[in-house]
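There are 2 protein chains.
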Amino acid sequence: MQSDLSCFFHPESIAIVGVSRNTTKAGYGILKNVLWTFSNTERIYPINPKATEILGLKVFHSLKDIEENIDLVICFVTPKVIPALLHECNEKGVKGVIIESAGFAEIGEEGKRVQNEISRLGKEFNIRIWGGNCMGTITDELITTFEPITADMRQKGVVSIVGQSGYFSGAVILQMFTERYLGVRTAASIGNRIDVDECDLLEHFMSDYETRVAAFYLEGLKQPRKFLRLAKDFTKTKPLICLLGGQSEVGRKAALSHTSSTAHGSPQLLSNVLKQSKIIQATEFGEFFNIMEAFAKLPLPAGNRLAIVTITGAGGVIGADIAANFNIKIPQLSDVTTKKLQEFFPKWMSPKNPLDSWPAFEIHGLAKALHQIIPTLFESNEIDMILLMIAAMQVAITFDPALINTMKKFNKPIITYIVGDNRIKKEWTTQIRLEGGVVYDDINTAIKVLDHMVRFASSKE
Amino acid sequence: MQSDLSCFFHPESIAIVGVSRNTTKAGYGILKNVLWTFSNTERIYPINPKATEILGLKVFHSLKDIEENIDLVICFVTPKVIPALLHECNEKGVKGVIIESAGFAEIGEEGKRVQNEISRLGKEFNIRIWGGNCMGTITDELITTFEPITADMRQKGVVSIVGQSGYFSGAVILQMFTERYLGVRTAASIGNRIDVDECDLLEHFMSDYETRVAAFYLEGLKQPRKFLRLAKDFTKTKPLICLLGGQSEVGRKAALSHTSSTAHGSPQLLSNVLKQSKIIQATEFGEFFNIMEAFAKLPLPAGNRLAIVTITGAGGVIGADIAANFNIKIPQLSDVTTKKLQEFFPKWMSPKNPLDSWPAFEIHGLAKALHQIIPTLFESNEIDMILLMIAAMQVAITFDPALINTMKKFNKPIITYIVGDNRIKKEWTTQIRLEGGVVYDDINTAIKVLDHMVRFASSKE
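From first to last, the protein sequence lines are chains A and B. Going letter by letter, the first sequence gives residues 4 to 464 in the numbering used here. Going letter by letter, the second sequence gives residues 4 to 464 in the numbering used here.
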């Protein structure tokens, strides 16, 4: 049976329990997000026993006061009132409830008791429960988080991301939008997983054509075997990136008080099992971003042959040293390719890989030289991917945004690393990212990510 | 005998050979930098056989035309004319020559021949040679690089940095200034090391009180034993960070054509020897920056006990997982400290380490809560350092710059990690860095750097 999460992703009507007129409160944020994203505006029902109108909408005192059917209830209320709310939901024929408020199993026995009660009622009433202690969902058609998301932060994308942590999910997604210009297909914060869990979502993404990359932050797998089985299918066609929190003893204890995750079985064992799967494991948030950004934006490499095109010889040296730690080759160039490259370089220099391109930049300027060097390398059929290292310095060069098109013309990945004046660096980074390119702040990340792509691409064959 | 580099760092007169009126040329950049930084303006002598005045200064046709003594000659001219120039320098009693132009051993036999000739003449004439293929020096009193450095980029600091690569040195230093707000005591680009090498500079920094941290990028040690012997003394009191390029086979070959470094003996052997020393090894540029920034800005930790103060539970979980890979402890807090912290938290939550501080932020606001949490932790005598993870989100919090003073009041290191909305994140990062704080983009870096500091501090005892 496939998990049906359509009540969460495609509801026809939504009630929001615990709305607030106070703009700093979560109940206000949820309503605001739903209001500007949900196309069926007349089917949004704010609920608060003490209010009559919020954001121009009529406020109902309780679910019972609404005449129409309700598909989805989103609530931000104190846990102890939720069982009673579920009884009302049952009477109204509600299909799904998103609980964003906290105070469940993660805070101890009393919270655990109410969490179990909610779980039991959900099953009894056949209502799917999402959360609690979470931040809801972001999709093209609906945003249910309490953090205000504005139009300029919202970007359509190909990554579907799942976070078990409420706050983390929100912050990560904001950073994806505003720093990497990386939109999401779905962002799902699943919190304590009273009912809906990572397996439901992985199944959902598998059949979702628009999801091209899935990324999960989890503090424990609720159903490890099922997840691994689903992942095996998923990774036949799409990359799956996992950041698994709680692998250390202290981390596991912290996870327990955070999302009440009672661990992954033996975390070390699980990590080893993951290593044998095709799941790509990140170790922390920065790496998590970097890997998903590359898979979302870049084509997969056809092989492991890297050219390093650098403005500084030191970049080539360090890049080659780091590549030696991975399954990345930096091949010597053939005589034919060397001869073609020689045209853009001064006679005294024989082009090699890594390619110290400063002499060519000095003659032709950065943009013109790269417009020649990149096609020559890629058309040679000797190179599968390029690491481009440029220096942001006044004397040196000006960056030509048209370069990004040259970079995108070949179906081969290019990752850019920029060192230098931060003011210029920030500007170029933004230009490249806005156009769909990938820029990292360190060389190790660039090569490690390319290695992940090479391995995923070769396992697909 | 101590190396006397005073002709490079404290000359009384400077001639610049190869000046240019073309503002994009290196010869123009060098003159401009010398002009605005060297206090003895009337003792600057631009030399160009075809010009009469540049930047308001009289231009001389050759060294011979200058009547006064010359301490330092900086040249950016084609290599083949340099031997003749050295003969002139000898006649004028010049003490040191900085050669910034390239085209020596790194380009092959012809370049090697002229490099050897220069080396021989330097010894014969007792003239110290700096470079070639380098970017010169930056100190408080003199800038000799060709990249234009403006006043807003120049910051006095405690790090003395040495780069063998010309371009790299310039770009790295620009990034230190403009991204990290990290000034330098000395920046030295030594290129091909025809004469002056890393040992001369390490000796120089050892006796330089104002140098508190030294950082070297090298593509080979010219005198490995001497360097290790000097490093042993140096690291008794000051941290020494090395990024050693050319440890892989491809990297070594690239280094050969970059700075003509003929390797470190066996690079792997050398790396192992370094591991047994107290030299801190970075693997690439980003890490190189991060380590030097922390040592320059933060006090050393007295022990290895870390508190993680986080706005998101996930941060604590991942932070604890990463710390488990290092010699960093995340101790449980005593009952007394827990009780003191409890005052700032809601009753339902028992404060632990990692400390998920969102509930306290919600009650008191971020700034007020941290003004209480940080002193409580540090005054407990149970914690040596803090990793502070905050989320840049609109709903959440506003950052209070006064917080940085609370962070600095205790003689214990705090490193900040920010996740979230890039616009807010950038603003906070800049505020914290400008005030001398340290912010990293990923948790792994933060903990790895703290581990370096713990190890250095404990080895000092």
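These aren't lab readings, by the way, just hints derived from the structure by calculation. Here the structure is a predicted model, which means the values were calculated and not measured. Fair warning: there could be bad hints in the mix.
[Claimed, not checked] Subject to a maximum C-alpha distance of 16 Å in a straight line, what follows is the list of computed EDC-like cross-link-like pairs (lysine to aspartate or glutamate): (1) 98/A - 143/A; (2) 429/A - 430/B; (3) 355/A - 252/B; (4) 98/A - 7/A; (5) 332/A - 365/A; (6) 343/A - 403/A; (7) 463/A - 113/A; (8) 371/A - 346/A; (9) 350/B - 112/A; (10) 95/B - 127/B; (11) 350/A - 211/B; (12) 159/A - 144/A; (13) 241/A - 213/A; (14) 350/B - 113/A; (15) 95/B - 211/B; (16) 95/A - 74/A; (17) 83/A - 45/A; (18) 429/B - 430/A; (19) 35/B - 45/B; (20) 241/B - 211/B; (21) 235/B - 206/B; (22) 98/B - 74/B; (23) 229/A - 252/A; (24) 332/A - 252/B; (25) 350/A - 113/B; (26) 159/A - 143/A; (27) 61/B - 71/B; (28) 332/B - 252/A; (29) 83/A - 143/A; (30) 28/B - 365/A; (31) 28/A - 454/B; (32) 342/A - 365/A; (33) 53/B - 74/B; (34) 98/A - 252/A; (35) 281/B - 454/B; (36) 355/B - 206/A.
Comparing the hints with the structure gives:
no., hint, in the structure
1, 98/A - 143/A, "21 Å, violated"
2, 429/A - 430/B, "13 Å, holds"
3, 355/A - 252/B, "14 Å, holds"
4, 98/A - 7/A, "10 Å, holds"
5, 332/A - 365/A, "28 Å, violated"
6, 343/A - 403/A, "23 Å, violated"
7, 463/A - 113/A, "48 Å, violated"
8, 371/A - 346/A, "13 Å, holds"
9, 350/B - 112/A, "14 Å, holds"
10, 95/B - 127/B, "15 Å, holds"
11, 350/A - 211/B, "44 Å, violated"
12, 159/A - 144/A, "10 Å, holds"
13, 241/A - 213/A, "11 Å, holds"
14, 350/B - 113/A, "13 Å, holds"
15, 95/B - 211/B, "30 Å, violated"
16, 95/A - 74/A, "9 Å, holds"
17, 83/A - 45/A, "30 Å, violated"
18, 429/B - 430/A, "13 Å, holds"
19, 35/B - 45/B, "14 Å, holds"
20, 241/B - 211/B, "11 Å, holds"
21, 235/B - 206/B, "11 Å, holds"
22, 98/B - 74/B, "5 Å, holds"
23, 229/A - 252/A, "24 Å, violated"
24, 332/A - 252/B, "11 Å, holds"
25, 350/A - 113/B, "13 Å, holds"
26, 159/A - 143/A, "7 Å, holds"
27, 61/B - 71/B, "14 Å, holds"
28, 332/B - 252/A, "12 Å, holds"
29, 83/A - 143/A, "33 Å, violated"
30, 28/B - 365/A, "10 Å, holds"
31, 28/A - 454/B, "40 Å, violated"
32, 342/A - 365/A, "19 Å, violated"
33, 53/B - 74/B, "24 Å, violated"
34, 98/A - 252/A, "38 Å, violated"
35, 281/B - 454/B, "13 Å, holds"
36, 355/B - 206/A, "36 Å, violated"
Figure legend: structure checked against the earlier numbered hints; hints not met, in rising order: 1, 5, 6, 7, 11, 15, 17, 23, 29, 31, 32, 33, 34, 36.
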